Amino acid sequence: MFKKLKIWHLVLALWIFLVLLRYELLFQSLQLFWLSAQLIFTDYDFISSHFNFQLFDSILSLLIMIAIPIALLLPKSRKKLFDYRLNVSNGFIVFLLFCFSVPTLFTRQHPDFQQNIGEIKLLPPLSTKYQIELVSNYKSSDISFRENFLAAKEKVILKEFDENKFFVREYSRKDNKLTFTQGLNKFSLPADSVKSIRSEINFLGTDEFGRDIFSRLIFGARISVFIGFMSVIISLILGLTLGFIAATGNSILSAILNRLTDLFLSFPSIFLVILILALFGNNLISVIIVLGFSGWMGLYKIVSAEVASIKRKDFFIASQKIGLSSTELLLKEVLPVIMVPVTVNLVFQFSNVILAESALSFLGLGAGNQYPSWGSMIEKGQEYINSAWWMIFIPGLVLVLTLLSIHNIAKELNKFFNPKIS
Amino acid sequence: MEIVNSMINEKLKLILKRLLSSVLVLFLIVTMVFILIRISPGDPTQKYISPKLSPELAEQVRKSFNLDQSIQVQYINFLKNIASGDFGISYEYRMPVLKVISEFLPVTLMLAFLSITLQLFLGYFSALLAIKRKNQFADKLLRKSSIVLYVMPGFVLGLILIFIFSVQLDLLPSNGFKSYYFDELTFFGKIKDIVSHLLLPLLTLSLPGAALFFNYFRDGIEEAMQKDFVLYLKANGVSDKIIFRKHILPNSLKPVLSVAGIELGFLLSGTLVTEVIFSLPGMGRLMVASIFNRDFPLVIACAFISAMFIILSNFIFDLIKVKIDKRIWKEILS
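One line per chain: the protein sequences are A and B, in this order. Offset between the first sequence (1-based) and our numbering: plus 97. Offset between the second sequence (1-based) and our numbering: plus 2.
Isolated chain B (complex conformation):
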């Protein structure tokens, strides 16, 4: 019992340590972005000040943006505000930054989680198929096409899909998140509408990742199948299904899960190219638009939230890894 308790204590300590280091990373990133946008050329107030305005009014605009103080004071105020969860008010939207982000986040969240599930499913089942038909036509086709899909840039793939499904076949809409008559639809009609709009972006996001996971799954499962313990279990008369589910799969999942953590982080931090092609209102486009508008609070908040998502997704997948393989928690969590 004591051993278990001490192990849990040690685990908690490691998790705490990791949380602290993530906070440090977040702080560094926010500081870096703060410095970068302050030394960059361009004045955010210029957009809202006409030359006809009196200098006093212009000064008032600057004051309302909190840009009239010195940079050190601004930085300290900014850190204080962030610590209390206040990211300020967007210059462009004239709303609290978090409210603006909460309008753009659902699309990104939905796309990211659907895409990672689709990637893992597609990768897993195609890998199973390839292993079952080893060195046959299906295996070779999957291997070749996975390399092509993996190196294909997202914008080329997205435009090919649009060309096939929207332009030639006229089956699916090519841009936007909803139709303009969305509010008049029934409940099922709404679901169908959103699904038809999200299908092409999902495919664009998922196919390259699925190709990556296909390779990882295939290599991992094949390597685990050739291990000695599999032969031993077979000799003991354990059925193939149980060997696969309980012994081969957990042993081959480690690289897949670390890649999945990185991939989910990338997806959550905004999938800019896909959003641009399909003109979806997501985090990536919000971030780039805010950079071009010199909307300082929004830029920093977007960077902060993306970094948080990346760290969080890595952490979650590491916890899953620990859950699957209990021997290696020390090296994973530290």
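Excised from the complex, chain A in its bound form:
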């Protein structure tokens, strides 16, 4: 039975799960989308001052959630992409891509949310805490687009800090009074100022600042996958252009390029990466660019060798003689042949970049502390190895699973394209 499962089954299952879990949120984001669309035409100054990445992100995740069933129903695309057999590594990558595209639906906790650090820091996995929400004083009477928009935004967007929420480990309620302890101090509140008390479970525990590890993992997946995609695109562009230049240009240029590639290959690229990042400062963009520039050599070698060999093949010469233009030659004769090894190489390169990024974050040279990253999570956990094993092992496990899945997929692709190499 499990052998018949396809990728689209998993996609559909994840979609249904998310819709059932967050249907309220999805309606609210739809409302927010509608309001902001109206405000763009009526009150542009207001919306442009309130527009930020998080708003864009929540609207985009709504659109993605709408697009997924449509993409599944499309007959042609489904056959190609979603009809492969499901296995553990495929499934994990699909899950990772879901985390990349709609992280705000998986977790409703901002990755940097900190409140009552003394109470909720270093909680082990599967422990519970109580979240007490106070009645907010702010109330608006006038019903305008602006107020509606702000109210909807308040509900949808994850907040780094919320003054109306706080966390306790235990509490007791006695005739209109709520008493709880935080540290050594005892507090009591009148019961009518409390809006709600919920017990929240920490799936994967909290870190040294009381931040939820689960939500940091989800958002860290986003950073890892983003850096991976971007750097792979940079190395793809560099490798393809340089490879084509070397294969079709004059011999002096190709000799120089070959020497340069050998030089870069003989030298460990991680040294250059660290040198450049440490000298010029590390941020998201510099990490992407440096990792992209350090990975073009393999692609260059493949592309230049393949194109040089295609140029001597009979089918290419024949189609040249028929009179195809150079763009047609490129699209119809060259690209289909080199696409196979290039794709396999790109997948391996993707896993290399994710590994390099996490190693750089571990050394403190990653995209920076404003983004949660698996490597920096492990680095922080190193100090708490005696007391909080989950801070190391959970991100480490996710990282290893990711790398293993990508490795498996690359191997499978290789097998799929070249059945001779078992």
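Honestly, I wouldn't trust all of these hints.
Straight line, CA to CA, 25 Å or less: simulated DMTMM-like cross-link-like pairs of lysine to aspartate or glutamate [stated by the list, open to error]:
#	chain 1	residue 1	chain 2	residue 2
1	B	K15	A	E480
2	A	K398	B	D320
3	B	K13	A	D359
4	A	K512	B	D320
5	A	K100	B	E224
6	B	K180	A	E480
7	A	K508	B	E224
8	A	K226	A	E121
It is worth saying that the hints were derived from the structure and are not from the lab. Quick caveat, the model's predicted, so the values are computed rather than measured.
We have chain A already, so just place chain B on it with the hints.
Here is chain B on its own, set in the frame of chain A:
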């Protein structure tokens, strides 16, 4: 006799050519690092100049770092100095750079050579075991675990080892190269101390490489075993041991040795992550610390020595390859 002489001459020529091209590569790398650190933001003298100092004194500090001349003059002086083997004086340590490096090098050298031997041994013997028990439980287990170990990042593996052996079992120390009471120990006590400190870093460095070598050995030996000449030798009644030692093994070693050359180069150029986890005083940490301190002479010397080690280790393993398989010296050495 003449043929042999001409062959030796040709070999020497190729080796000489290779040496020249390595010198060129070293020159390019040093130039690149020089340019990179000069165009990077940050002034190394700022750390040693307080605002209370008079401008003349500040100028003197700059002069003592040789940073007062124009960049072209600096570059020419720097090349002259390197050609005579003088890398300058470290800003941070106030000592000749080579002396600073010689204090950090032993740990890296020891780790690298021990690790490469351990990797080759582990890879070789596990591959033999896997071939002997082909498609049995041990083979499958080794194959699966080798993939997991190969993709596992060094820092995760190191922290897992620390967690098991230092935190839970309390058997081995988790950081440093020696204990603080090292000088009071007897000779054997000293050896035991260093061994117990180096065991976990060695495992962290070696297990992924061992997994890689396991795959190379296993594939190579299996491929060589299916060749026709093995069948021929068997038919002639040569014993299995001799076939394996004299014919199968040399034929399967070529990819292993090229990977080993690259691996040793990586190990010698500093194993930064492992050194950071176990806080060992090695080349990797020295290099990163010198970059952050803007200690220009030390950065360049570290880059130079790492590159030299990489080229050297590739060269040594290529020579071993030539020694094993004498047919292919031309393509290897050129």
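Outcome of the hint check:
no. : hint            : in the structure
1   : K15/B x E480/A  : violated (55 Å)
2   : K398/A x D320/B : holds (21 Å)
3   : K13/B x D359/A  : holds (22 Å)
4   : K512/A x D320/B : violated (31 Å)
5   : K100/A x E224/B : violated (31 Å)
6   : K180/B x E480/A : holds (21 Å)
7   : K508/A x E224/B : holds (20 Å)
8   : K226/A x E121/A : holds (24 Å)
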